[in-house]
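K.L.:
Each chain, written out:
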Amino acid sequence: MESVESFRLRARAWLAENMPRQAGDEPPPLSDDDTSDWIRARELQRMLYAGGFAGICFPQEYGGLGLTRAHQQAFTEESIGYEMPLPLNIPTFAICAATLLDMGTEEQKRDRIGAAIRGEEVLCQFLSEPRGGSDLAGVTTRADRDGDGWILNGAKTWSTSAYAADWGLCLARTNWEVPKHRGLTMFLVPTKAPGVTMNRIRMVNGVREFCEEFFDDVWVPDSAVVGEVDAGWTVASRQLFHERNSMGGGSPYVSGRGHPRTVPKVTPLEIVRACGRTEDPRIRELVGEYLAMAAVQRQTSDRVTRAVGTGALDPAAVSLIRLLHAEGAQLSDDLAVRIAGAGVATGTGAEPGVAGRVAIGYLMRQSASLGGGSTEMARNVISERLLGMPREAAPDRDVPFKQVKQGR
Amino acid sequence: MELGLSPDQKLFQASAKGLLEKEYSLDRIRDMADGEPRWNRDWWRQGAELGWAAAIVPEELGGGSVSGEGVRDLALLAEELGAGLAPGPLLPVNVVLAGLVETHGTGPDHTAEIEALVAGESVASWAVYEPGREWSPVAPGLTATPAAGGFVLDGVKDRVEDAGQADLLLVTAATPEGVAQFLVPASAVGVTVSPQWSLDLSRSFGEVRFDGVQVTADAMVGVAGADQVIERQLQIAVVIQCAEVCAVLDRAFAMTRQWAFDRYSFGRPLASYQALKHRFADMRTWLEACHATTQAAAAAVQERSPNAAELASVAKSYVGDRSLVILQDCVQLHGGIGVTWEHDLHLYLRRATLDQALYGTPQDHRLRLADLAAI
Ligand SMILES: Cc1cc2nc3c(=O)[nH]c(=O)nc-3n(C[C@H](O)[C@H](O)[C@H](O)COP(=O)(O)OP(=O)(O)OC[C@H]3O[C@@H](n4cnc5c(N)ncnc54)[C@H](O)[C@@H]3O)c2cc1C
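Each protein sequence line maps, in turn, to chains A and B.
FYI, in this note's numbering the residues of the first sequence are 1 to 408.
FYI, in this note's numbering the residues of the second sequence are 409 to 783.
No lab work stands behind these hints, which were simulated from the structure alone.
Treat each hint with caution, since some may be false.
Claimed, not checked - Distance windows between CB atoms, simulated:
(1) A/Gly81 - B/Pro677: 35 to 43 Å
(2) B/Leu780 - A/Met203: 30 to 38 Å
(3) A/Asp144 - B/Ala683: 19 to 27 Å
(4) A/Ala13 - B/Gly540: 33 to 41 Å
(5) A/Pro390 - B/Asp435: 30 to 38 Å
Remember, predicted model here, so these are calculated numbers, not experimental data.
In this text, a Cβ means the ideal position worked out from N, Cα and C, and glycines have one as well.
Build out the structure end to end from the sequences listed, making use of the hints.
P.N.:
Structure follows, in structure tokens:
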């Protein structure tokens, strides 16, 4: 295997030669239509693929490079300052492709992972439902056998960037006679399949990244099943692992650093430079607090990833970095608001300006503790699985799902 | 704790633990009376034989570390001794050694003093704080005025750890050429040591007055303009502090977790209440983060990476603040017994409160981070 240093030097030279430089520090204009961002992301991914720098940690047989996390980290470090296909990191690569790699059939791995690496396809997650997201094993979207396929009916919601995706990993109930975890199956569903109706949902920051989907007699073949029929919880658990891990910064499948434009955020560093309050020691201390926390998050991700890798920590430990991510992201939002001071109220002239963007980012503060599974769920996992504390009482345990009480 | 220790490192830790437990149990520490010496010289000498003052000293000066990475070994040792709230001059002696080793070959020769410190025959402490002043190590008020054959020191230092037992003091002083450090015998004429109240029961501190203390030019450590050396000493101090606080947190957390399993209310263990489980989950997360940042700082200081100053401040800022949040919540989760003298929690809280306060508060280190990032 090529050494990390040689790979790094090769990447450096290739990036300089081939990838476009990121345009200035100025955040791009706020927009509720990011279609062009997605077209661009696919283009950039195709460039990475053509250059031999796509799918660094995915196996070669599925179109990747079969290299290590250290290679990926080196590439990411070198890629700073270049335009990168950031919107494809999560969920396409870090969650969906990673789950398929663990649980998918040969055909699914070859076709879907390969297409994603080539920049041809985007993947999304159909997990949460209008009835709830935390109690994921309680989904009520149903899949009924139909010859050599399945018919899906139900609804999913809060699916990030599903409008830009080609395929969704969809958790559905295939058996209502058994307790909830044992009657689920994961399907790989084309987002444009007949019977799928998709709406975009406007979030508080004006972005329409969320989607809701209605499934009306959507037919999928048997080959759409990921893992085993009625063993969808095993697949979903793996998916949640990858989701928490990637939220916490531990995924080896993330390439490039930073937020996609679809997640408009202003960091304390950006706002302090923009508003020129750099002399005020009160402000400087807040900036220091941000810098410390950002470093601690990276250090903790590295440590936990290593420990899970060697078996020193149970895989459930990825919830630690998921939880720390929420804390760090929210601290960043809080500090940015404090640094922006009175500026958050009225922006700059008729535009929000940087301070206004801080405020808009702040409105989305809680997304860091909801998206990727809520922090309450992460705390349940840590206390129960890592610390061995008694599980929450659950009246739905060991009861056939059809007898379980549902909310409104 | 560091992930994956070598057998030598494990032995290093185990021997430290053995020597600590033989002499200083927590009960003995709880009963330490004001004015009584916190540790005895013979015990420290035995520790020195186990390498407690050798890790960051090169072999040619009598030192040596078990893994070849002295700063990381020192952090391991600080964890082991910190877990038992050990008394003893681990921090002051190693910080002084850091300065002496750093300047070895640039100024007057201090090889003999280094060797005596490594062997545990001599004890030294850093006289850097001054009364009424916060952390400002490169702007001392104490002056060193050039005089025939040397300097005359005038001024007052305080919060000098183990001042009462130290043979040598490494004193920061203002000279016409910038800040400098001098190695001064505590017995020198004009040096007066008086004890200070200490929050931590196993630590002692003193105020040291320097009234016209004459030192020869040989007393200087390195050369004037010692900012970089002081920075190195600070980094070593911070690594030791953070490592011992991590161990303190491990202990307090483990104790509190066990308590949550054993203590019942309304017919069920405390550990079964989600409101409390979630607080344990937070604490467990912060604990992991404290270890991660401490190890990252130790590694950077070990390797002298360009970001060592930054990572030391990251660790001190984070661990300093989080440790108190965690420990106070441990007290809360214990209920009334948590605020009693007989319970061990306050011993841990004392150590963590003291450590966050000295060698730069978390606030000081956050300001430093903004400076280092050129904001
Ligand atoms: C930015 C963002 C992106 C997202 N992307 C996707 C996506 O791509 N695909 C997808 O399927 N979903 C996605 N989600 C949905 C997300 O997974 C859910 O919002 C989340 O799991 C919570 O589910 P819910 O919204 O239904 O809230 P609920 O489950 O109704 O929970 C409401 C509140 O109650 C708390 N709660 C619930 N049960 C318990 C319990 N047992 N103990 C303690 N507290 C509890 C929750 O933590 C939460 O605070 C996204 C969400 C956000 C914010």
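K.L.:
Next, verify each hint and record whether it holds.
P.N.:
Hints versus structure:
1. A/Gly81 - B/Pro677: 35 to 43 Å: 53 Å, violated
2. B/Leu780 - A/Met203: 30 to 38 Å: Hint holds: Cβ distance 36 Å, inside 30 to 38 Å.
3. A/Asp144 - B/Ala683: 19 to 27 Å: Violated, at about 41 Å.
4. A/Ala13 - B/Gly540: 33 to 41 Å: 57 Å, violated
5. A/Pro390 - B/Asp435: 30 to 38 Å: 33 Å, holds
The earlier numbered hints that this structure contradicts are 1, 3 and 4.
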